[in-house]
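Using the sequences and the hints given, assemble the complete structure.
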Amino acid sequence: MAAEQPTTVLLVDDHDLIRQGLRRAFERAGDFTVVGEAGSVAEALACATRHQPDVVVIDVRLPDGSGLDVARELRRQRPDVGIVVLTMYAGDEQLFGALEAGASAFVAKDAPAEDVVSAARHALVSPRSFSAADLAGAMRRRMNPSGPQLTPREREVLQLMADGLGVSAIARQLFISESTTKTHVSKLYEKLGAANRAQALMAAIRLGLLEPDDVS
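Residue numbers for the sequence shown follow the UniProt record's numbering, so the first one is 1 and each next one is one higher.
Simulated from the structure, these hints should not be mistaken for lab results.
Cβ coordinates follow ideal geometry from the N, Cα and C atoms, glycine included.
Heads up, a few of these hints could be off.
Simulated pairs of lysine to any residue, SDA-like, Cα-Cα distance not exceeding 20 Å [what the hints assert, rightly or not]:
#, residue 1, residue 2
1, K109, P63
2, K187, R206
3, K182, Q199
4, K187, L174
5, K109, I176
6, K109, F96
7, K187, F96
8, K109, Q199
Label pairs and their calculated CB-CB ranges [said to hold, decoys possible]:
#, residue 1, residue 2, range
9, D64, G193, 19 to 27 Å
10, E93, Y189, 17 to 25 Å
11, V215, P6, 27 to 35 Å
12, Q149, R172, 38 to 46 Å
13, S66, P152, 16 to 24 Å
14, T183, P63, 17 to 25 Å
15, K182, Q5, 40 to 48 Å
16, R128, E93, 16 to 24 Å
17, D115, E4, 18 to 26 Å
18, R140, V215, 23 to 31 Å
19, V215, H15, 32 to 40 Å
Written as structure tokens, this is what we have:
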């Protein structure tokens with residue numbers, strides 16, 4: 001009996017290092033083969049036409065437009081293609097944008113590469129069924145909007161800040177870079193209307209995002 005053909009994947013990201021990391025993760029998985037890479041909307045659509053991949057992994061931010069535009073066009077052309085959307089800022093707005101663009105899955109860029117591979121497997125089997133880490137929470141927040149909309153990662157960072165951890169310790173705890181951690185902290189300050197850690201924690205308690213006992 002002939003061996004089962006591996007699932008073909010197209011990687012779309014304008015950062016070569018991100019594409020290399022994803023390529024290695026898919027190659028390690030064994031049941032995928034990366035048939036192409038692209039760094040822009042134009043390249044992505046051309047590569048998708050040329051290679052007809054089973055799954056396309058797309059970054060939202062591309063130099064010549066949005067990865068969501070790629071997702072919409074791919075879904076229009078091929079209803080059965082699996083589409084995984086990656087984003088640096090995994091907020092509710094981005095999540096629902098991916099859902100509305102016809103994506104199969106939505107993954108934060110700082111998630112482990114294995115999560116992207118798992119999302120690609122879901123996208124292959126259920127291309128029209130949307131999957132995201134905090135989909136249920138996002139749906140609740142959309143139905144009952146109140147207070148700032150924190151991403152799951154921002155909630156983790158907030159809790160670790162409440163535990164008294166600094167940027168370096170939070171980065172180690174979450175296995176992310178210090179620069180990514182600083183970005184999350186900056187977004188938290190912005191959403192909470194805070195200028196520093198103490199103000200952020202007080203605002204979080206006032207808004208019910210933390211209990212007073214949560215803060216060390």
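Note to self: Run through the hints listed earlier and report the numbers of any the structure violates, in increasing order.
What the structure shows: 8, 9, 11, 12
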